[in-house]
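Below are the chains, spelled out letter by letter.
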Amino acid sequence: MNLGPHAAFIVGSYAAAIAIVAGLIAWIAIDHRAQKRRLETLEARGVTRRSERAS
Amino acid sequence: MSALAALFVREVRLAVRVGGGGGIGALFFLIVVVLTPFAIGPDLALLARIGPAILWLGALLASLLTLDRLLTADLEDGSLDLILMSDTPLELAVAAKAFAHWITTGLPLVVITPLLGLLLNLDAGASAAVALTLFAGTPALTFIGAIGAALSVTLRRGGLLLAVLVLPLTVPVLIFGVAASNAAIVGPVPFGTPFTILCALTLASLVVGTFAAAAALRQGME
Amino acid sequence: MAQVQLEGSGLTCVRGGREVFSGLNFAVGGGEALLVTGRNGAGKSSLLRMVAGLVRIAAGRMGLTGGDPERTIPEQAHYLGHQDALKPSLTVAENLEFWSRYLGGAGGAMPALAAVGLDSLAELPAAYLSAGQRRRLSVARLVAVRRPIWLLDEPTAALDRQAQERLSLLMREHLASGGLIVAATHGPVGLDNARELRLGAAA
Amino acid sequence: MPIVDLANPSRFLALTARLMPWLIGATVLAFAVGLVMVKGAPDDYQQGATVKIMFIHVPSAWLAMGIWALMAIATFGTLVWRHPLADVAAKAAAPIGAAFTALCLITGMLWGRPMWGTYWVWDARLTSVLVLFLMYLGVIALWRTVEDPSRAARAAAILTLVGALNLPIIKWSVDWWNTLHQPASVVRLAGPAIHPTILMPLLAMAVAFLLLMVTLHLAAMRNEILRRRVRTLMLMQAQAAPGSAS
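Residue numbers (the numbering used here), protein chains in the order written: chain A, 1 to 55; chain B, 1001 to 1222; chain C, 2001 to 2203; chain D, 3001 to 3246.
Bound-form chain A, shown alone:
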């Protein structure tokens, strides 16, 4: 696949796309793990939500 004289810009664009999508995925994964950890420490300390306590 010949990308012609401006190959750098085409590769640059796709690299930027990959970087930004990877950034989004990383942010979501890290945030998910952080919230899960905080939930577990809170629930470990016996703080339960009303709805759970009701069931």
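If you're looking for bench data, these hints aren't it; they were derived computationally from the structure. Note that the Cβ used here is the ideal one computed from N, Cα and C, for glycine as well. The reader is advised that the hints may include incorrect statements.
Simulated restraints, written as ranges between beta carbons of each label pair [as the list claims (entries may be wrong)]:
(1) Arg3011(D) x Phe1038(B): 38 to 48 Å
(2) Pro1190(B) x Arg33(A): 52 to 62 Å
(3) Arg1218(B) x Glu40(A): 46 to 56 Å
To list a few chain D residues with every Cβ distance to chain B over 12 Å, as calculated [as the list claims (entries may be wrong)]:
(4) Asn3008
(5) Ala3017
(6) Ile3024
(7) Ala3041
(8) Leu3070
(9) His3083
(10) Trp3116
(11) Gly3117
(12) Leu3134
(13) Ile3140
(14) Val3162
(15) Val3207
(16) Leu3218
Model the placement of chains B, C and D on the given structure of chain A, informed by the hints.
The following block gives chains B, C and D in isolation, referenced to the frame of chain A:
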């Protein structure tokens, strides 16, 4: 030193956390720079010529307008009373707070300057020059602004009064900041001359700003 | 703590052009508590803030004998004002650790938090605390850093009965260790041998 | 599944957990198909191979506007129907929208460089996207400075709706501002007509980007719901603590 280190860490933590004003200065700077071409028009040659001026004015306003909360926040929740009472000299405490403000607000301005240079049609060298002058100049803006912050605490009136009081004091820094940038880009004058004067102004303002702000706080007590 | 003695003679306070009080004399020795009473606006808070160096002494003299000669009175005093000096976005432990290190303490927060019954909430942001809990976190500052003079501005405000008992216990321990307390208050503070200084009595 | 069923966060979390693997699979498949078609697309007679940048630039531009529209609809749910998940959806969408707007700007600049000789020429369309980017940063800043979720949600809702109303006006005024000053010689970004051999890969990539956005958005919403649970648990921990009655 651990007292001052503790104060610095607290200030940075407050700025970074949700509810802190950390990124707001950089966002204000971005918006001011983006708005200017809408007023001036998309003429690239003109934008390139006044690029450094736009960036410097944006950084100046971004620095000053975010300094309002530097001391009033502590006044409102009672921390200022305890800081005034502590054995850590007030001058060093004000310096630590101003330095933390520069790290969380001034430095981000320098970091995003090359990006905004793209919008103003500045080439890499020009953006780097403006970023370097901003790096040297923003501490002066913060420490001079700290005087205004201290005055707005004692006068119990914040907001734009701070900027109005302090803007004239920042004129030298603005002049030599833009002059150094233009010297690097267009410059008959060698870059070194205005830049060293800018650095001298910053060093002077580090000292004057700290002592003046501390004095203003002490005078402000009823 | 060495035996300290705080005296004020002929003290005059002017705030906003209005003379709050003048010619005031008082003396508090180590192990003693002085309750400053009087109607609102009589200058109770102003007197405390004057000792804390936050309000200028218009006339008169204030001296501390027996304390650390190199340090001024404010540097040897704790001031518990109406506000709690807490940052909502910092956690309970972070708030206390900051003040402990800033006021020259060792920096350990847990023992002081335990003394005021907040050790279980150490990692909670202060924003989630109730008024009473924030008040107790503020009191924890006095326990974390040892200073001879305690200036308490209506210490029992926003505290429930159990917290008030805990506070008076801490105050008795402070007095027993040779410290002194000057408290602006309306009602009793749970201290038995406290002397009273009535302000604005002449009006 | 009736929509009201989703109102309950825990049921939404369960649904998201079940859907997530399928969504990820579909996204990866869609990108695979899209990229194969992009590889096969012919070069543009004028711009040569750089037209391949369009396959990222145009879908991310569509997403940038689409996500703001999604946020506007979600905030309509907050203000009008008080739907509990509406502001969660709006708050979760903002960073994703900002990211795709940034991608659109970056690819726009990389596409412009070979044509115009500089990265940024204040082209009418790109400038509107830049203003949209500022609006995204504004909404995110709003969410970050107000701690109480319900208060922040109402403020963000107003800002998003006003933003949605303003977008066409901004677009039109920027076009007018651009043509007023700009010499007419600027080559338009997307080219006059899109040849089917280029249109098909573009649509394939658009579908792939859409699936990616839906996946990321659901995941971000799940995080936001967990963040709010942590917040309520912390509030309850403070209230449950001994002697906290006062």
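Verification of the hints:
1. Checking the proposed 38 to 48 Å range against Arg3011(D) and Phe1038(B) shows it holds: the Cβ atoms sit about 47 Å from each other.
2. In this structure, Pro1190(B) and Arg33(A) meet the distance hint of 52 to 62 Å, their C-beta atoms being roughly 54 Å apart.
3. A hinted range of 46 to 56 Å for the beta carbons of Arg1218(B) and Glu40(A) is consistent with their spacing of about 50 Å.
4. The Cβ of Asn3008(D) lies farther than 12 Å from every Cβ of chain B, with a closest approach of about 26 Å, so its non-interface assignment holds.
5. With a cut of 12 Å on Cβ distances, Ala3017(D) stays outside the contact zone with chain B, its closest approach being about 27 Å.
6. Ile3024(D), annotated as away from the interface, keeps every beta carbon of chain B farther than 12 Å; the closest lies near 29 Å.
7. The claim that Ala3041(D) is not at the interface with chain B holds, since no C-beta of that chain comes within 12 Å of its own (minimum 29 Å).
8. For Leu3070(D), the non-interface assignment is confirmed: its Cβ lies about 23 Å from the closest Cβ of chain B, beyond the 12 Å cut-off.
9. Here His3083(D) stays apart from chain B, with its beta-carbon at least about 24 Å from theirs, past the 12 Å limit.
10. Not every beta carbon of chain B lies more than 12 Å from that of Trp3116(D), the smallest distance being close to 9 Å; the non-interface claim is violated.
11. The Cβ of Gly3117(D) sits about 10 Å from the closest Cβ of chain B, inside the 12 Å cut-off, so the non-interface label is violated.
12. Distance check for Leu3134(D) against chain B: the nearest CB is about 6 Å away, which does not clear 12 Å, and the non-interface claim fails.
13. Look at Ile3140(D): its CB is around 9 Å from the nearest CB on chain B, not clear of 12 Å, so calling it non-interface is violated.
14. For Val3162(D), the shortest C-beta to C-beta distance to chain B comes to about 16 Å, beyond the 12 Å cut-off, and the non-interface label holds.
15. Against chain B, the non-interface label of Val3207(D) holds: every CB pair exceeds 12 Å, the least being about 31 Å.
16. No beta-carbon of chain B is positioned within 12 Å of the beta-carbon of Leu3218(D); the least distance is around 23 Å.
In summary, the structure is inconsistent with hints 10, 11, 12, 13 from the numbered list given earlier, while agreeing with the others.
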